[in-house]
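Just need the whole structure built from these sequences, with the hints factored in.
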Amino acid sequence: MTVPLSYALGLSAALFGVGLFGLLTRQNALVLVIAVELMLNAANINFVAASYHWGGADGQLFAIAVIALAAAEVAVGVGILLQVHRTFGTVDVTVPRALRW
Amino acid sequence: MAATIFQLAPLIPVLPFVAFLVALTAGRWLPEKGAYVGILAAAGSLGLSVWTLLAVNASASSLYVANELYTWAAVEGLSLTFGVLLDPLSTFMLVLVALIATLVFVFSLGYMNHDEHHRERGGLPRYYASVALFTASMLAFVLASNLLMAFIFFELVGLCSYLLIGFWLTDRAPASAAKKAFLVTRFGDYFFLVGVVGVLATFGTAAFAEGGFPQLASDALATSSPVGPDGPLQWLPGGIDPQAWFTILGLLVLGGAIGKSAQFPLHTWLPDAMEGPTPISALIHAATMVAAGVYLLARMFGFYAELPQALAVIAFIGGFTALFAATMGVVKDDIKQVLAYSTISQYGYMMLGLGVGGYVAATFHLMTHAYFKALLFLGAGAIIVATHHQDMWALGGLREHLPVTRWTFLAGALSLAGIAPFSGFWSKEEVLFDALIVGLEHPLLLGAYAMALVAVLLTGFYTFRMYFLTFHGEPRSDAASDPDPVGWAIKLPLVVLGTLAVVAGFVNMKPVDYYVGADLLYLERWLDGVAGALSVTHYHELLSYSEAAISPLGPTLLTLGLALIGAYMAHLLYNVPDPDRYFDGTGVVDSLLKHNYYQDELQVWLATGLTGSIARVSNLFDQRAIDGLVDGTASAGLIGGDRVRNVQFGVLPGYVALLVGSVVVLILVAGLYGGWWM
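Taken in order, these protein sequences are the chains called U and F. Last residue of the first sequence: number 101 in this note's numbering, and the count goes up by one each step with no gaps. Last residue of the second sequence: number 678 in this note's numbering, and the count goes up by one each step with no gaps.
The set of hints was computed from the structure by calculation and includes no laboratory data. Idealized CB from N, CA, C, for every residue including glycine. One thing to keep in mind: the hints can contain errors.
To be verified - Each pair of labels, with its calculated beta carbon distance range:
1. THR2(U) - TRP676(F): 21 to 31 angstroms
2. ALA670(F) - TYR7(U): 20 to 30 angstroms
3. ALA670(F) - VAL95(U): 32 to 42 angstroms
4. ARG86(U) - SER635(F): 35 to 45 angstroms
To be verified - Simulated coverage check for chain U against chain F, where a stretch passes if three residues somewhere in it have a Cβ under 8 angstroms from a Cβ of chain F:
5. 23–30
6. 90–96
What the hints assert, rightly or not - So the derived list for chain F, only partly shown, Cβ under 8 angstroms to chain U, looks like this:
7. GLN648
8. PHE649
9. GLY650
10. VAL651
11. LEU652
12. PRO653
13. VAL656
14. ALA657
15. VAL660
Structure follows, in structure tokens:
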């Protein structure tokens, strides 16, 4: 049997919502990275579901690309995070305030 | 034979130009610092000019036009060219200019090189180079076959006068006088330039002869549809009446002539120009700079002849200037200042002559004036060399010490005062007679005649006041009681010019001709000899003046009598051993005249008071309104940016919130306008 498309989209939306909520509410930079990962994977579910629904392979290709991109993003993000921790002694994103005019 | 010399005519200005280059580059190593180069070049030009004159006389049409010797720029329907125009008027003027220039070069040898005082001041190569360039520009101006070329050399003449008036450039007064001469004449030339452009646009050509613009103007006035493919004109602004438009063009060109010929109100530069070396004053006043204005009007007289309003303006400016300058000449103490005002006054007579249609009379006076005024200036130069004074109250009693100077100066003075039979008498008489016969038919012009007539009395007075103060009475300074002798280089030009000042008038003795009927009007016949549109006969056909038929005896005796009365008054007052300064006690008259009617002050006020105020207001407008607008745009960006940058507050979660909020708003807006929920 096939999972209906709406189920997959609902799961994707829920996952995206969780990620967005984490992004907006948490202050720990590591958690923010995880939240971003959640949102990216919500998009991946969308891609795969839609691809399956329409019977094409391009959505799945995009999903693989997004996974690669997410890996790169995490590498860069954690690198920045390490620098932030080395400079400020914390990974609380509300502490660095120099990103302004 | 004749054709050859006509083709050689461009050499006439080229010779002095070569002398200019030689004197400028190698002058300091040459004997007498380049004087001989200048003398040779000017004499060469004189020889060629005389040859040209004879060739013009011998040729059948007395006319040679080569308007396109060199094409500067050519576009559709318009070409700007350089060329030569040889006719009786231009060749006659060439000889005059070259002769005076040669004599001035010779005199300069005595004045600049042989005089310790002037020699020590140095700069002689520069002097001779400038004089040579001056001569070259004037000769090229005289040869010019079209108005544009005339304008270019007219300007070059102005530049040379600047260089020479300011020759002693380390002194304050000459530097300032040179600047003034340049600016004041430039002011007139500005109108001239506009006029040249107007002429080129209207006629498509600026040539003087052979299908030139005077002829086209004549055609345009004769036809009912002047503009168009078949009409003579290329352009006429806004359907204006051709007559009115030509008058405007004529008055614009007249602006240049007024500036150069030092006519009211642009005459103020000329008395200041006395700061230059005295031979230069002779050159400027007699043959080059100042003569250029009158020559220009005579050159294009065919254009003016059909414009009675323009002619009336010329006549009035001339008559008024003649009187106005004469009144100022009466009180001057500096011998060169008296001569300067006499020049302005005499050029006023020439303008009057042109204005009443007396083309021959004006040209005649231009010639006789060139001789006697060059003579008087060189005489003044001789006095300066001998005594190193030019204030007449420091001179006196020079007649015994400087006989050559004295007798030649007397000849010049008699000529300037207009006393028979010296040359100035004949020409001035002819100008005044022409003004009178036209004035009797056109009463308005009688006013110009009356002013010029009064000026005759004043001319007689100031001329002899100058003569008696300088040569008669007791010496009033040590230098005047024991003057240095002057050399041959000074005496030779004086004698040549003195002779000419006596005899030059005999070429056109109109009153004698009237009674004797022996056909004595050589000059008139010479100028009339040219075929076609440049002849005196043709000009007379164009003129709309009617002339009263009266005998010249009465008017002649009247002017002669006035001149004699003036001279006699000067004799009574100043031909005494120790004359008084009569004008010192006359209060307001004295101060008014000594300050030249406060015209300099007026001009300074026009420049600083009036123009300054207007400039301040427009500056304010510029600063506040224009700059305010520009600055306002910048400030708006600056202040707006200052506000908007607060969005970048630097807290990461806040940025995320802004981002998310913006996307939500975007989706809502897109949804509302895209009709997702409708």
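Do the hints match the structure? See the list:
1. The given range of 21 to 31 angstroms is respected by THR2(U) and TRP676(F), whose C-beta atoms sit roughly 28 angstroms from each other.
2. Separated by about 27 angstroms at the C-beta atoms, ALA670(F) and TYR7(U) satisfy the suggested range of 20 to 30 angstroms.
3. The supplied range of 32 to 42 angstroms is met by ALA670(F) and VAL95(U), whose beta-carbon atoms lie about 36 angstroms from each other.
4. For the hinted restraint 35 to 45 angstroms between ARG86(U) and SER635(F), the CB-CB distance of approximately 43 angstroms keeps it satisfied.
5. Three residues within the 8 angstroms Cβ limit are the bar, and the stretch 23–30 of chain U against chain F gives 3, so the coverage statement holds.
6. With a threshold of 8 angstroms between beta carbons, the proposed coverage of the stretch 90–96 of chain U by chain F holds, since 3 of its residues qualify and at least three are required.
7. Hint on GLN648(F) holds. Least Cβ distance to chain U is approximately 5 angstroms, under the 8 angstroms limit.
8. Of the supplied interface hints, the one on PHE649(F) holds, with its beta-carbon coming within about 6 angstroms of a beta-carbon of chain U, less than 8 angstroms.
9. With 8 angstroms as the threshold, the beta carbon of GLY650(F) comes within range of chain U, its nearest partner Cβ sitting at about 3 angstroms, so the hint holds.
10. A cut of 8 angstroms between beta carbons decides the hint on VAL651(F): the least distance to chain U is about 6 angstroms, and the hint holds.
11. Using the Cβ-Cβ criterion of 8 angstroms, the hint placing LEU652(F) at the interface with chain U is satisfied: the shortest such distance is roughly 4 angstroms.
12. Because the closest C-beta pair between PRO653(F) and chain U is about 6 angstroms apart, less than 8 angstroms, the hint holds.
13. The beta carbon of VAL656(F) is positioned within 8 angstroms of a beta carbon in chain U (closest approach about 6 angstroms), and the interface hint is therefore held.
14. Taken as an interface hint, ALA657(F) checks out: its beta carbon lies about 6 angstroms from the nearest beta carbon of chain U, inside 8 angstroms.
15. For the restraint placing VAL660(F) at the interface with chain U, the shortest Cβ-Cβ distance is roughly 7 angstroms, inside the 8 angstroms limit, so the hint holds.
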